[in-house]
Structure formats: C-alpha cells, structure tokens
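Enquirer: Chain residues, written in single-letter form:
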Amino acid sequence: MRANTFFGRIFLTLAALISVSLVAAALVGGFKLREIVEDDMAARRRIACDLLAVPAVDVLTGQGDRDAFVERLRVLGGLDGFRLTLIAADGSVMADSEVRGELANHGERPEVVAAKQNGRGEAKRLSTSTGKTTAYTTLKLESKGAYVGTLRAANEFDQVDIMVASMQASMLWFGVGSLIVGLLLSALVARWLSHPLKSIEREAAALSAGNLEGAVRMEGPLEVVQLGEALNAMTRELRGRLEGQRRARVQIETILASMAEGVVAVDRSERVLLMNRAAAELLGLDAQLESGALLWEKLRFPDLERSLRDALAGHGPWHGDAISPLGNGRTLGISVAPVAAGTPGDGADSQGAVALLADVTAFRRLEQVRIDFVANVSHELRTPLAAVMGALETLGDAEQDSTVRVRFLDIANRNAARLQAIVVDLLDLSSIEAQGDSMPLEAVRVESPLRTAASALVGSAESKGVKLEMPPPLAFPAIVNGNAQRLEQVFTNLLENALKYTPRGGRVRAVVRPGIREVSVDVEDTGVGIPESDLTRVFERFYRVDRSRSRDMGGTGLGLAIVKHVVRAHGGQVAVKSKEGVGSTFTVTLPLYGDPDKNTRS
Amino acid sequence: MSKQIREDLTDITKKIQHIGGLVEAAIDKSLSALLDRNARSAREVIEGDSVVDNLENEVEEKCLEVLATRQPVARDLRFICGMMKVNSDLERMADLAVNIAERAEVLAEVPPLPFRPDVSRMAAVAKRMVRDGLDALVRRDADLALRVWKSDVEADRLYRELVGEAIQFMREHPDRIGDVMHLVGALRNLERLADHATNIAEDVIFVTSGRIVRHHMVEFSREAGAALEEPS
Chain R
1 MRANTFFGRI
11 FLTLAALISV
21 SLVAAALVGG
31 FKLREIVEDD
41 MAARRRIACD
51 LLAVPAVDVL
61 TGQGDRDAFV
71 ERLRVLGGLD
81 GFRLTLIAAD
91 GSVMADSEVR
101 GELANHGERP
111 EVVAAKQNGR
121 GEAKRLSTST
131 GKTTAYTTLK
141 LESKGAYVGT
151 LRAANEFDQV
161 DIMVASMQAS
171 MLWFGVGSLI
181 VGLLLSALVA
191 RWLSHPLKSI
201 EREAAALSAG
211 NLEGAVRMEG
221 PLEVVQLGEA
231 LNAMTRELRG
241 RLEGQRRARV
251 QIETILASMA
261 EGVVAVDRSE
271 RVLLMNRAAA
281 ELLGLDAQLE
291 SGALLWEKLR
301 FPDLERSLRD
311 ALAGHGPWHG
321 DAISPLGNGR
331 TLGISVAPVA
341 AGTPGDGADS
351 QGAVALLADV
361 TAFRRLEQVR
371 IDFVANVSHE
381 LRTPLAAVMG
391 ALETLGDAEQ
401 DSTVRVRFLD
411 IANRNAARLQ
421 AIVVDLLDLS
431 SIEAQGDSMP
441 LEAVRVESPL
451 RTAASALVGS
461 AESKGVKLEM
471 PPPLAFPAIV
481 NGNAQRLEQV
491 FTNLLENALK
501 YTPRGGRVRA
511 VVRPGIREVS
521 VDVEDTGVGI
531 PESDLTRVFE
541 RFYRVDRSRS
551 RDMGGTGLGL
561 AIVKHVVRAH
571 GGQVAVKSKE
581 GVGSTFTVTL
591 PLYGDPDKNT
601 RS
Chain C
1 MSKQIREDLT
11 DITKKIQHIG
21 GLVEAAIDKS
31 LSALLDRNAR
41 SAREVIEGDS
51 VVDNLENEVE
61 EKCLEVLATR
71 QPVARDLRFI
81 CGMMKVNSDL
91 ERMADLAVNI
101 AERAEVLAEV
111 PPLPFRPDVS
121 RMAAVAKRMV
131 RDGLDALVRR
141 DADLALRVWK
151 SDVEADRLYR
161 ELVGEAIQFM
171 REHPDRIGDV
181 MHLVGALRNL
191 ERLADHATNI
201 AEDVIFVTSG
211 RIVRHHMVEF
221 SREAGAALEE
231 PS
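Going down the list, the protein sequences come from chains R and C. Quick note: the first sequence, position 590, residue 590 per this note's numbering, numbers continuous. Quick note: the second sequence, position 30, residue 30 per this note's numbering, numbers continuous.
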C-alpha cells in the first residue's frame, strides 16, 4: 500500500483516528473504571464493616459465639471477595475470613490506628500477610462508649487490575475489528474518488498524445466532475484551435504551392525552412527538399547566396536579376528580404530571410526588344536621311555640272524612297497592331492573295534568274476568315524575302497544304539560310541576321514583323525552319473559315 | 574544440562553394559571350574577376588560420589541404574565364567564324566538367569525380580536332589568321579550364579517400573500375 494514493491516505488517516481514539478510550476508561471500582469497593467494604459491627462487638464482649462469627465472616468475605478481619483492642486478631490460626498483632497497622482515632480508617498498602497491594477499610467498634476493637475489610487490588485489563482487551479486539472495517471503507471511498480521476488521467494522456476526439465521462464527486468538465472544455477549445491552425497552414501551403513565383525561406544558418514547388523547379532542386537542408550545399547560385547573406546580416531588401544556375540561359528576378526579428529597421540581425524568385526571361527579352527597336528605328531613319541631306547639300553647291547633279538627285530620290518605305511599313505595322482583333475579316480563298502576290513578283524573279514555283490550283478551295489585302502583304513580304536571299539559279516555291481545321502555306527557298541562334529573332522589327548584307538588299527590316502581326491578327501562326547554306522555309498557318475552335483570335 | 573546427570547416566549404558558383557563372557567361558574340557579357566577366580574387585570399587566410590555431589531423587536415588546392584551381579558372571573355570581346566585333557547332560542343563538355567537379566536391562524390576525370580525354580530343580545323581554315583564308588566332587562344583557355576541373576532381578523391591520384589517375581508375565490377 503506497501512502500517496487515495486509498493509502484515507486508510492511514482512518487507522490513526481509530488507534488514537481507542488508546485514549482505553487509558481514560481504565482510569475511570479503576476509580469507580475502587469507590464501589470502598463503599462495599464500609457496608460490610457496618453490617458486621453489632455481631463483632458481641464477640468482643464475649456475648457472641466466636466460631459462628468466623464462619459468617468467611461466608460474607467469600461472597464479595473480601478479607474480613476482627481485631481486638489490644491488636490481637480475633477472627479472620481467610487466615486461620494465629496472626501477628495488628494494633499498629495504620488503618487500625486511624480507626482508633477517627472512628473509620482507610489505607492502601502491601499486605504483610499476603504480600499483595490491598485496600483496607476499618471501623472502630465501641461498647458502652469504650473502645473494644476494630473491624477491617480488605480486598486485593489485583481484582481491579484484572477487570481493567479485561476491559482493555475487549477494546483491543474492538479496535482490530474497526481497523478491518476501516480498511474496507477506505478502499471503497478511495475507489469512488480515484476511479473518475483515472478516467481523466487516461483522457489527459490521450490528449497529450494528440488524440482530441475523446471526452471524460462525468461521474464521481462534484469536484472531480468539475475537473472533468474543465478538461472537456479544454479539449474542445484545443481541438478548435488546432483545426484552425491546420486549416491556416494548409491554406498557406496551397497558396505557396500554386504560386507561379518561387518562394524560399531560410533561417539564420541558411537552412531551408520552406520552399515551394515553383522555387524548386526554378533552382533545379528536389521539390521535397527536406527542410533543414543547407541551401548552399544543394545549390551553387552566388547571386542568391550573396543576397540572402546580406539580408541575414541585417541589410535591407534586395532586388535584382541573375542568370539561372541551371545553365539554361534563363534570367531569374530575385527579391530577397530579411525576416525581421523584432521591429523592422532596428538594425538587429534578422532571424532569417525569404527570397522570391520569378522567371523574368520573357520580360527582359521584351525590354531588350523595345530598347533595340528604339535604337534601330533611329538608326534606320538616320542613315537614309543623312544620305538625302548630303546629296541636297551637294546639289545646293551651284558649281556642280549636270552629271553630278543627276547622280546626287538620284541618291536623294532613292534614299527618300527608302525613308518613305520605312515610314509606310512602320505605319502599317502600328495600324495592324492598333487594329489587332478588330481587323475587318471576310471569307477569302487563301490562294487568291498568294497568286496576286506571286504575279507581281514574276518580273523580278525572272530578272534575278530565280525560279518561282506556284502550287497547282486546289481541288477544294481553302477558305479562310481573312483580310485579302493584308494576306497579300504577308505573301508578298515572304516571297520577296525568299527571292532576295536566294542566289541566281535558285528556286522559290510556295506550297498550300490544306488541313481539317487549318491551312498552311509554305514559302520555301534555296537561299543562304538563317543561323539557328537568329531563328527566334527574325520576326523582331529591324532585326537583321547580317546587317551589312541585308541593307544592301534594300529591305526595311520590317517585312517579317508585319507578317507576324498580320498572321496573329488572323488567329494563325507563323514559323520558320532553316539550315545555313541550304535554305529556309516560312510556314503560315491560318484557321479555316467557320472553324469555331480556331476563329477566336488571340 | 571539435565543434570549433567543425564550424571553421563549414565556413571554408561555404566560401569555396560560393567561389565555385561565381566561377561557374563566369565560365557560363564567357562561353555564351564567345558563342553568341556578345561583347557586353564578355565585359561583365572581365569586370567581375576581382570578387573571386578577394574571396580566394579570404579562403587562403582562413585555411592557414585553421592550420595554425587548430592543428587539425587526419581527415580534417586532408580536407583543408584539399580545399587550398581547390581554391587556387578555382582562382585560375576565374582567370581563364576572363581570358576567354577577352577573346570573345574581340571576336564579337569581327565577322563570324564557321566553327560554332564544334566550339559549342567543346564548351558544353568543359561546362559539364566544371559543374560535375564542383558537385563532386560538395557531395564528396568520388565516382562523379572519376567521371570528370574521364571527360578530360573528350575535351582534349575536341580541342585537337578544333585546332586542326582552325589551321585548315587559316590556310584557306589567310586574311582571317588574326581572328582565328583569337579563337584558338580562347579554345586553349577552355582546354585549360577542363584541366583545372580535372584537378578539382583529383582533389575530391584525395579529400574523400586520402589517396594522391594526381599523375596516377590511370592506375586509380583501373582499380576503381575493378572494384566496381567485383561481385559484392
């Protein structure tokens, strides 16, 4: 039995209580009992003395029979357990209920002396006759006013002791019985108290193990029930909060996972705290990168490392571009910000840093295109303008002869025409761009603008010595939803380009390939071809594969840009394949008229 | 004490890794400057070199400091010695990237030469070697290091072929000998880059296994190959 259980506590308390009260009862009871018994015995001794006073006097005065008196003493004494003694005035023992024969002189015994003086005497002492503690009561006997002797009643004290001991023995048994009953009672009470507590304990253990579904059964004492209620309320509250937190976390994770930008958060020691899928893809890392991995061990990306370290060292946010560490030529826009420990800007080192990554390759390319366009447009306009101005200046000099004048007039004319061509193309381009989706479209047979364009170029093809091949008429006309005038411009530009870059003896061929939903027109040439690295850029304005060569060819540099924009306005696509020294193929794909899928122009 | 040296070694690794990243980026940029005839990226590489130089000094000092104050033994000692060698290799590689960028700057201004596909292939091999060498270093991956070492043969072969083609071209176009010499110079630097990547691979094997394989790579690879083929 452990003392710190309910059972132990209750039983020990109960046992202590029972023991203390029983011991106290035994002591006090024994004392009181002894007092009562002694008083009672003293009274009875006195009564016995009083009763025997008359016959005793008779015996002493010689009027009574001594032997009968002795017999009477013995009967009375035996009855009460008293020893009765008659002592004559000279102290000699006349009769005794227990001792026969001669006894020593009792005249000097204290009780006898006391009786002689006071009429009655009491004493408690060791009996000289029996050697036991004995209580004595004496009565002075007188006859006609003269002292004739003393009557003494005595009883031994061990009688009292025996009575007290027997009472205490029964109390001991009673105590043992009480303790057994106490044990049973304690067990019952303890069980009643601890049983609901055990259930609460089990519930709390389950709670700390993460099981929030259970509830405590309500039973037992009021206090325990209240505790159980409090626990249940706490469980409910906890469940609510955990659910809220879980939902918030899932929400954040979902948002992060569905972000197009990459997010990486690191702690002070540059361990990854969090990384979303986009970041993993942009950095070429495992999406399931265990958090706690050192970022610099997984990745060699100096720009990101440096900016994260700067942020961790307490510098402010940083934004910039960096080349992707994957070597795929993509540009990543990086924003790094410290995760402030305290209030932002207090100069303290931050607790961590978070980086936002985005693939900005397309944006940077667009920017570059824009910058190049402005530079190119001014350059393209300035060159013929300078020529015109130079020629005009020379013409203004009156001393020139007519052949020189004609030559410079021609230069001025040609360059003015070139300027005009560029300006017209630029205007065309911007009007196509401005029209965009609202370009007027109608049902057009795709062959008719192609043939119109080709027929206008037959002459220049012949004079250059290049064979221009047109497709045979189609069995079923391919009709597109288009703008005949703009499509003619497209094909003219493509055919003109093909002729321009195809050397004498070469061949330019147009092929129409009708499909189920769209029709493709290929313009193939056997020209110089386009280097692979330039293929993606030939549709940019003023982009030239080889500057010196193409300007000699007299192009404005805008032809293919116009093609691209017109085709796009038709909801179609333009593509190019080329091999240097072999030739190029430009393919224009247009959706057929009435195809609901493709007629939505993008 | 042991914790202290662990932190020092982590610091060194971190710095080496950072330099590695910078060098790799510089190489990528100089090679794309060479291939795409982009004088602007070439200039960026040339101007960025001082960062690597400073970092190299930092690592060198840190290594010496650790050697002097912590007196590392066994694996730690090997690691620091290996890192010091890798460090100087990386610094040389950064210089080579600058050299390539300088050639690229010149070549961007002259008419294109016809070797682009072959140069591109050789650049890809060298880039892969550098990348794998640095990966092997950070992962302590001796197998990957061995692969880097094997790629060096390929880089050398491509270099010889290209030089042969360049000589042929110069015979046919004497007017362009100057331009081709710049390209050959760039290729020579590229070949040296691959050699340094091989050195790093050798250092990785030294750090991981304690074996000095420099100049004895043939035997080592034979052993490693035999060990791989043995049924386990």
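Hints are supplied without guarantee of correctness; some may be wrong.
[What the hints assert, rightly or not] As a list, the in silico DSS-like pairs of lysine-lysine whose alpha-carbon atoms are at most 25 Å apart:
{"no.": "1", "chain 1": "C", "residue 1": "LYS127", "chain 2": "C", "residue 2": "LYS150"}
{"no.": "2", "chain 1": "R", "residue 1": "LYS500", "chain 2": "R", "residue 2": "LYS464"}
{"no.": "3", "chain 1": "C", "residue 1": "LYS3", "chain 2": "R", "residue 2": "LYS298"}
{"no.": "4", "chain 1": "C", "residue 1": "LYS127", "chain 2": "R", "residue 2": "LYS198"}
{"no.": "5", "chain 1": "R", "residue 1": "LYS500", "chain 2": "R", "residue 2": "LYS564"}
{"no.": "6", "chain 1": "C", "residue 1": "LYS62", "chain 2": "R", "residue 2": "LYS32"}
{"no.": "7", "chain 1": "R", "residue 1": "LYS464", "chain 2": "C", "residue 2": "LYS85"}
{"no.": "8", "chain 1": "R", "residue 1": "LYS298", "chain 2": "C", "residue 2": "LYS62"}
{"no.": "9", "chain 1": "C", "residue 1": "LYS62", "chain 2": "C", "residue 2": "LYS127"}
{"no.": "10", "chain 1": "C", "residue 1": "LYS127", "chain 2": "R", "residue 2": "LYS298"}
Just so you know, the hints here were simulated from the structure itself, not pulled from any lab data.
Enquirer: Now tell me if each hint is right for this structure.
Expert: Here is what the structure says about each hint:
no.	hint	verdict
1	C:LYS127 to C:LYS150	holds, 14 Å
2	R:LYS500 to R:LYS464	holds, 9 Å
3	C:LYS3 to R:LYS298	holds, 23 Å
4	C:LYS127 to R:LYS198	violated, 69 Å
5	R:LYS500 to R:LYS564	holds, 19 Å
6	C:LYS62 to R:LYS32	violated, 98 Å
7	R:LYS464 to C:LYS85	violated, 65 Å
8	R:LYS298 to C:LYS62	holds, 23 Å
9	C:LYS62 to C:LYS127	violated, 28 Å
10	C:LYS127 to R:LYS298	holds, 18 Å
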